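Peer 1: Each chain, letter by letter, is given below.
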Amino acid sequence: MEFFRIKKDLPFMRHALTFNIISLITFVLAVFFLATRGLHLSVEFTGGTLVEVTYAEAPQLEPIRSALATSGYPDAQVQNFGSARDVLIRLPNRDDLDTTKVSERTMATLHAVGGAPELRRVEFVGPQVGKELASDGAMALLLVIFGIVVYLAMRFEWRFAVSAIIANLHDVVIILGFFAFFQWEFSLPVLAAVLAVLGYSVNESVVVFDRVRETFKKKRGLTTPAVLDHAITSTISRTVITHGSTQMMVLAMLLFGGETLHYFAMALTIGILFGIYSSVLVASPLVMWLGVSREQFMKPKKEKEEAVV
Amino acid sequence: MNRYPLWKNILIGLVLFLGLIYTLPNFYGEVPAVQVSSGKATLKLDASLNGTIEQALKDARIEHTGLFIDANSIRVRVASTDIQLRAKDAIEKRLNPDPRDPSYVVALNLLSASPSWLTAINALPMYLGLDLRGGVHFLLQVDMPGAITKRLDATAADLRTLMRDKNVRHAGITREGNNVLLRFRDAEQREAARKAISAGTADLQLADRDDAADDLKLVATLSQNAQKTIRDFAIKQNITTLHNRINELGVAEPVIQQQGADRIVVQLPGVQDVAKAKDILGRTATLEVRLVDETPGALEGALAGSVPLGTELYNERGGSPILVRNQVVLTGDRLTDAQPGFDGQTNEPAVHLTLDAAGSRIFRDVTRENVGKRMAILLIEKGKGEVVTAPVIRTEIGGGRVQISGRMTTQEASDVALLLRAGSLAAPMEIIEERTVGPSLGAENIAKGFHSTLWGFVAIAIFMSAYYMLFGLVSVIALAANLLLLVALLSLLQATLTLPGIAAMALTLGMAIDANVLINERIREELRNGVSPQAAIHAGYERAFDTILDSNITTLIAGIALLVFGSGPVRGFAVVHCLGILTSMFSAILISRMLVNIIYGRRRKLESLSIGQIWKPGN
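Protein chains in written order, with UniProt numbering: chain V, 1 to 309; chain D, 1 to 619.
Rather than coming from a laboratory, the hints here were simulated on the basis of the structure. As the structure is a prediction and not an experimental result, all values here were calculated from the model. For each residue, glycine too, the CB sits at the ideal point set by N, CA and C. A portion of the hints provided could be inaccurate.
Unchecked claim - Interface residues of chain D toward chain V, partial, derived using beta-carbon atoms under 7 Å:
id, residue
1, Leu108
2, Thr496
3, Pro500
4, Leu518
Stated by the list, open to error - With a straight-line Cα cutoff of 25 Å, these simulated DSS-like cross-link-like pairs (lysine-lysine) come out:
id, chain 1, residue 1, chain 2, residue 2
5, D, Lys616, V, Lys219
6, V, Lys8, D, Lys616
7, D, Lys236, D, Lys166
8, V, Lys101, D, Lys276
9, D, Lys93, D, Lys228
10, D, Lys217, D, Lys195
11, D, Lys8, D, Lys44
12, D, Lys58, D, Lys93
13, D, Lys616, V, Lys218
14, D, Lys58, D, Lys150
15, D, Lys44, D, Lys236
16, D, Lys217, D, Lys236
17, V, Lys218, V, Lys7
18, D, Lys278, V, Lys131
19, V, Lys101, D, Lys278
20, D, Lys616, V, Lys7
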């Protein structure tokens, strides 16, 4: 089997502008949705209490809502989670409530409503923890960006580092844009997925850049766009197969992982799809426009010092 | 050129063998067990306990399938959960004859069913996180400002006493924020005060503040060192207290750890009664000193049912009832330390208490007026009191150093000291994070994580074998070896495996195949360019190596950032992710190369490779 039967290098760079404009539009849309809709942050970031219960038979949600309202939680969100038998209740933190007793009181209320609920999971996060998690997440993101830029600059050239990080950061924004648009829940595992994908799609750029460097060294007389075209064409088979394999794994998580892994796998899926696109078709033109050339990869020959008398 | 030296093959084989051994325990599952651990910090487990347990089980005609002892616990493995409950009862009855004062914690637990030779080489199954096995997780914030304020209040009281003792005239001593303010009318008195304070303690830093000519102030603040000591003490003390309290819950493997400067993590696997757990964690114990009512006949009357007004009936530790007055002489707030030791004259075991200045004064007055009478020291927990000891007052006791002795063994002395020290929290705590996972959800999470990994793996295996033929199969074997090594490493390190951790395992496998795809594509490319098969294998592995290294390092950077800044679920993800990247480098490059070498390395006249179709543009 051979999927890719390419006779000549594909002229990716001729359409460089188009790719970047598509990319820019997606990016602007993502920013727009992030700004207007915002992220639906999970209880880990906002602080609050989350109670998941399961019933033997699908319960009516309305009586649960009204019972919670009368017992002092008018702002409780009650919804089904996964199946009709599972119910998820979210309670925001409030200053006037004894936060440590929320879960017990909620369970007591649910028992009073009837239907024999079974407690599956409780998560309570105090307000100070939520803020910390958000700032830790931001710090982790900064550290990843810094680490990758420094590594790529050392290993390749600053132009590669800058292009790779721009291309892949815009992936991150696009993933966040999806989460804002669909109002999917943004939780800690999703944050982990986003950062993992950042590291993973930089991979992609690295593989292409490796080829770029090699081609520059081996083949003389090619223009920079031609070198980039050659590098992308000769790695495209690997790109698609690798990402396809990773996506198979992620798909298995999406199908069998249940609710907890659902959004984690979702973030990875978007990240992988856009990762291919941006790390190849956005990063490479950026490198070109930043002015990469053969000379940067040739080891400077030591000039003989002539003795000055 | 495609042969590994023998030592390299042996080394790789050895790593795989070790990987297999350390992965093994995960396949055996778990069997019920009863775990015995010490319920008191002062009580050590010893080998003689083994015999006691053995005998208790024999008497109850319960058969066990193994008895294991380690530093902190003794575990008895039994055949079924039925026997487990009976065994627990039998052991409990034998070890804790007095259920109100248990010396040992007897808890139900699960033990790995792996054979003992595996356990002996420390091969244990992976350590599952709470989201996989069910249980409660709490994050507690210790109120450090509260602890400092409490100390400053005590300091203010101490300073008042000091000024009086040294005959320094002051115009008031108050605590304001994080300072203690001493007011003086003239500079002479202030100077005298400064000398007295500096001579007494190094914990306070003093500064002058003149608000008016006749309103001179001395501002005392706690030095950085003193504040640090208070904080360290508070957190240590709270952890000790939590240990003692959690022992009551009978949890097999509680985790109580300091996190950061002022937080404590408490994890109680298997605990479902969250309300009780919270109740016990949040309990405040106080110490009270009261006088004993020794009116003749009063105790007998109280036992008969009519407790005299103004008194209460308690049981003294060890059994005998005692009648105690309601009026509280002193509370535990005045206690600064309690240590076990010996009486200087009689050499009897004793407990030495240290009181703060105000406490010492009260104690001196009370003991002077009550020589020859008995005094009761009570520990009040959850509104229920217990008389720890009720010694006879022999003389007036001044100076704030109190000794409790009489009718005590060394063991009891250290128990009492611990109880007095640890019975109360040094600083209040607040639950700032709680996670409860029911057991059914835990089991479901394991199943979901397992199925995701399994089906993802199967899909990749089918595709790789179909696309790259024999080389695909080699990649799949390398990937399986990667999984094996990752599980072995996680088992060996006993790192906590969580659901995000399982997700990381799946994701890492999905990413790890990249290395083999890179290699296989390179080999195909070399073949396409007309290179001989042996040279193509060699060049494919050589050239792909740089790329694999680069791409794994960028992924590892992201993993490390998550490890550094992640907490909870993210950390679980990051640990597996980072380890997985390391094992994948090993398996994708070395193991797959070894296999390819074994298959093709010896053939001199190799015509073609089984790596799928090599399409050439000219065909």
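Peer 1: Does each hint fit the structure? Answer for all of them.
Peer 2: Going down the list of hints, with the structure as the test:
no. : hint                 : in the structure
1   : Leu108               : violated (20 Å)
2   : Thr496               : violated (15 Å)
3   : Pro500               : holds (5 Å)
4   : Leu518               : holds (6 Å)
5   : Lys616/D to Lys219/V : holds (20 Å)
6   : Lys8/V to Lys616/D   : holds (11 Å)
7   : Lys236/D to Lys166/D : violated (35 Å)
8   : Lys101/V to Lys276/D : holds (12 Å)
9   : Lys93/D to Lys228/D  : violated (45 Å)
10  : Lys217/D to Lys195/D : holds (15 Å)
11  : Lys8/D to Lys44/D    : violated (48 Å)
12  : Lys58/D to Lys93/D   : holds (13 Å)
13  : Lys616/D to Lys218/V : holds (21 Å)
14  : Lys58/D to Lys150/D  : violated (54 Å)
15  : Lys44/D to Lys236/D  : holds (20 Å)
16  : Lys217/D to Lys236/D : violated (35 Å)
17  : Lys218/V to Lys7/V   : holds (20 Å)
18  : Lys278/D to Lys131/V : holds (24 Å)
19  : Lys101/V to Lys278/D : holds (9 Å)
20  : Lys616/D to Lys7/V   : holds (8 Å)
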